[in-house]
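Line order of the protein sequences matches chains A and B. Residue numbering for the first sequence follows our numbering, starting at 1 and increasing by one per position. Residue numbering for the second sequence follows our numbering, starting at 1001 and increasing by one per position.
Calculated directly from the structure, the hints in this document are not laboratory data. Honestly, I wouldn't trust all of these hints.
To be verified - With a Cα cut of at most 20 Å, we get these calculated EDC-like pairs of lysine to aspartate or glutamate:
(1) B:K1255 with A:D22
(2) B:K1252 with A:D58
(3) A:K255 with A:E322
(4) B:K1157 with A:E49
(5) B:K1037 with A:D58
(6) B:K1215 with B:D1067
2 protein chains.
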Amino acid sequence: MFENSQESRTNLSELGEFGLIDHLTKDIKIKLPSTIKGVGDDAAVMNYEGKETLVSTDFLIEGVHFDLAYMPLKHLGYKAVIVNLSDIYAMNGTATQVIISIAVSNRFPVEALEEFYAGVQLAAKIYNVDVVGGDTTSSTSGFIISVTALGIAEKEKIAYRSGGKPNDLLVVTGDLGAAYMGLQVLEREKEVFKANPNAQPDLDQYTYLIERQLKPEARKDISEMLRQLDIQPTSMIDISDGLSSEIIHLCKSSKTGMNLFEEKIPLDPAVISVCEEFDIDSTTIALSGGEDYELLFTIPQSDFDKIKGNPNMSIIGHMTEESEGIHLITRANQKLPIIARGWNSLKEED
Amino acid sequence: MFENSQESRTNLSELGEFGLIDHLTKDIKIKLPSTIKGVGDDAAVMNYEGKETLVSTDFLIEGVHFDLAYMPLKHLGYKAVIVNLSDIYAMNGTATQVIISIAVSNRFPVEALEEFYAGVQLAAKIYNVDVVGGDTTSSTSGFIISVTALGIAEKEKIAYRSGGKPNDLLVVTGDLGAAYMGLQVLEREKEVFKANPNAQPDLDQYTYLIERQLKPEARKDISEMLRQLDIQPTSMIDISDGLSSEIIHLCKSSKTGMNLFEEKIPLDPAVISVCEEFDIDSTTIALSGGEDYELLFTIPQSDFDKIKGNPNMSIIGHMTEESEGIHLITRANQKLPIIARGWNSLKEED
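Taking the hints into account, I'd like the entire structure generated from these sequences.
Written out as structure tokens, the structure reads:
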């Protein structure tokens, strides 16, 4: 689990920079009619036929966003695509293309980058997007990934963060906190492994949590589902940093307040039991955990009946006037202010 | 010259991640009609009204692509934008938007990032592009920049690398080698400074070279000039890695060979004299130096009269049949094969 045993090992310098990118992208085929020219020129060329174009970009940095001790490279490639597609889906758009740039040191053999690209291509296939650019450069240390995702949307379907109104219902897809608890399990096993490299971890009961961390999925289905339900979200965001941060973003952009109901927050039973095991409050995890890549959106109260009982979506709160502030209403009916997590990941430099 | 003296110093953690990006992007205004929504949502939104969309992305990594010992942060922000716009111009397109993501460690105070963004915004203003996205994240070491540039072009105006034909003339804009020699001068002065921090470098005679390295410009003007001359390039690329690599890219994509004439390569007198001083062959520098951000393109022979004597452009060679190979014809009329530089920048990891 904790090591990639590489059968063969080709040094990057054997291919050279241009040879490497040709090698990694040679199997990439373009499929979508909007993709005119993909990998292999100064810029990719697309044609969106008058629809609005969506563009989003993200960094994934070794030691900050992932740890190769337990993140297989194929999963990393998959996740790098997913986290960016999620941003396009969070605009209620259709993702169409991705561009992947990687910076790597000599530590990585060509075979490792092939694994990474296999994950990229798998995600591109499943989510029906074209990989239209690929740059490689050298890094003095570690593995750095930059992903740019492109998408399209009809103008009137785009869901910005800013359109929420007081009394709008707050809806979240799926369940929360599992990706973060998956990370906690993996971190614990890494310590066990360090202490005893022969230990065989039994992770069966944590499968769901670990999958949510290592192989997250983006909610491509929600945009189509909302269209079928005839619901236009008034505001929308994806949950990358944790529910509390995302709620604050929506409220700040929409100039509203929020009441979030603790008892309504959807948790998988596996999250509840692992939180007990780790002696952590599961609501705190749902609020601050992050990396769930679920969608969080607001809808007018008049759409309540369209969504009631839908197993993919939970109504967890409602917007208020801005002056009322942003609060969690606890199971004990206490009203606690919701505060952003801040920049937890910023570490002191060595 | 070699240090940014920061009068004030605000720690990144005082603002937090979301506070930081708000702070850095608060003065950014969008200007172009194609920009619908810029900074501040999950994705930027653009509308290109049926034109082809161009997208390009690049990494700039501290210790690989720049050295903060002599690169002022404002210049770095400027250059980060320029190198990406150059890719759009190399498609014969019009650059319209850029997205800047940065990863930084705690080593950098907020004021340093403000300097960087001042350079980004200056470039955006001069080149008439909107900054439509800005992500910040933490880095375990150093400063990492990812820039994505977007642009538009009419379908029939796009110049790919692949359209060159045997007998097409090879044209380069401006002059070559100055950026690389500027780097050599700066590297030498850094060593002098290390040995004697009180030394006052006299760099007046190197002004052009140093400017080409620290504050390069992209050839926004060429696309318009070619339009006025009624020239449609058959193939085009920008010179980021050096003339030899770019010629190989054009020939490989166009399935042609090339004869490049040494005596025709445009060199500034400052490059010739500094090459003598450093005892380096100036043709080697022009072939391998890189970072000139000039444009290299091919035109049909029938367009010769349109370009003859134009001070912005030099005819330096012609394409041949692929089977004839890619050669430099020296001043002594020797025929030498042109070989790519390979991955020079890939360093062993510490």
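query: When you check the alpha-carbon spacing of B:K1037 and A:D58, does it fall within 20 Å?
result: Holds: B:K1037 and A:D58 sit about 18 Å apart, inside 20 Å.
field: Given pair status - A:D58, B:K1252, alpha carbons within 20 Å
entry: 32 Å, violated
query: Is A:K255 within 20 Å of A:E322, Cα to Cα?
result: 6 Å, holds
query: Is the hinted pair B:K1255 and A:D22 satisfied, with a Cα-Cα distance of at most 20 Å?
result: Status holds; Cα separation ~16 Å.
- prompt: Quick one, are B:K1157 and A:E49 close enough, alpha carbons at most 20 Å?
  reply: OK: B:K1157 and A:E49 at ~17 Å, within 20 Å.
- prompt: Given the proposed pairing of B:K1215 with B:D1067, does the C-alpha separation stay at or below 20 Å?
  reply: 14 Å, holds
Checked against the numbered hints given earlier, the structure breaks only hint 2 and satisfies all the rest.
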